[in-house]
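Student: Start from the sequences, fold in the hints, and give me the full structure.
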Amino acid sequence: MSDQEETTPRGAKTHKGKRILESREPKLVEGPKQTLFIRGPKTSLSVRQLAHEWHLIKRDFSTTYNKNHEIQPFEDSKQLETFCERSQCSMFCFVSNSKKRPDNLIIGRTFDKKILDMVELHLKEFKSQEEFGTSVEIPMHARPLIIFNGDVFGFNPNHMKLHNLFTDFFYENVPIQDIKSQEIHLIISITATNDTSLAITILQKQNHEDGIKIQEIGPRSIFEIRRTKWADDELFKKACRQPKPKAKPHEKNIVYDEVGDKRGKVFVQQQDLSTLALKKRKKLRKGDQKLKARIESQEQNVDVNEE
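Position one of the sequence shown corresponds to residue 1 (UniProt numbering), numbered consecutively onward.
Some hints could be false.
Here are the simulated PhoX-like pairs of lysine-lysine, each with C-alpha atoms no more than 25 Å apart in a straight line [stated by the list, open to error]: (1) 238 to 33; (2) 262 to 33; (3) 16 to 42; (4) 113 to 205; (5) 246 to 18; (6) 16 to 67; (7) 238 to 78; (8) 262 to 252; (9) 78 to 124; (10) 113 to 229; (11) 161 to 114; (12) 33 to 265; (13) 67 to 113; (14) 248 to 265; (15) 229 to 78; (16) 127 to 205; (17) 229 to 114; (18) 246 to 205.
Listed next, with one range per pair, are the computed distances between beta-carbon atoms [claimed, not checked]: (19) 81 to 256: 40 to 50 Å; (20) 65 to 20: 13 to 23 Å; (21) 45 to 184: 47 to 57 Å.
What the hints contain is simulated information worked out from the structure, not anything from laboratory work.
All residues carry an ideal CB built from backbone N, CA and C; glycine is no exception.
Tutor: Quick look at the structure:
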């Protein structure tokens with residue numbers, strides 16, 4: 001089978017399949033970003049627990065695969081791209097564990113059904129939510145406040161791309177018109193002390209009678225940056241390009257009154273009255289005709305007698 005046959009999209013055979021394919025097409029206004037959590041051939045308890053707790057934080061905007069898969073994203077990413085396309089996820093978090101790369105975690109994103117960029121991290125320290133012993137109550141669809149600490153995020157090209165990647169990973173693209181301080185419940189702090197060290201801390205804002213209290217709820221994780229794979233400038237500009245919205249067609253013969261009600265003129269073709277279907281009259285039967293003649297003769301006799 002040639003490469004052209006492999007990449008040829010399969011057409012829909014039913015109306016339901018056509019609707020599904022249309023929903024997967026690029027849209028002018030994208031919905032919330034979905035994240036796929038997937039495991040490698042072998043995993044450790046710490047990276048599995050971290051991926052699980054991140055999945056619980058993202059909740060409705062994430063999908064998790066509990067089975068192990070023989071995938072090496074930096075060597076061959078075709079199977080990972082297939083899983084992301086099948087699950088309709090633009091972000092992914094891959095966890096694995098091996099002798100050469102223990103406690104490994106890869107975060108990345110896709111564009112046009114291909115891997116756009118990704119970063120490989122080594123989980124050096126981890127503290128789960130259970131170890132903090134706090135009750136985690138995060139409202140559904142709560143947009144987190146992301147804080148980046150460290151000067152390297154401002155001038156280091158590698159960390160500037162990390163800044164963009166982590167913003168996409170934790171930012172769920174949920175439309176919110178007005179953001180108020182009372183509605184912010186979750187805080188994600190990302191700290192870089194040097195070029196290779198990275199720490200991610202999850203905090204929660206709680207309202208008390210004395211005031212606002214910030215409490216760490218976990219998970220707390222410290223990483224070491226291993227490998228990176230960034231998209232070239234042209235591809236990244238193409239991924240960030242936003243198409244112009246299509247202009248709405250002019251509505252003919254439609255006006256809006258002062259109240260805002262929509263009113264329109266409807267033109268109807270003039271009807272030919274010669275073809276108008278009227279009510280049909282029934283013909284008199286023979287018996288009815290004799291009765292009619294008798295009634296008419298009686299009326300004539302009455303008129304003669306009156307004269």
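Student: Which of the stated hints cannot be reconciled with the structure, identified by number in ascending sequence?
Tutor: 2, 3, 4, 6, 9, 12, 18 and 21
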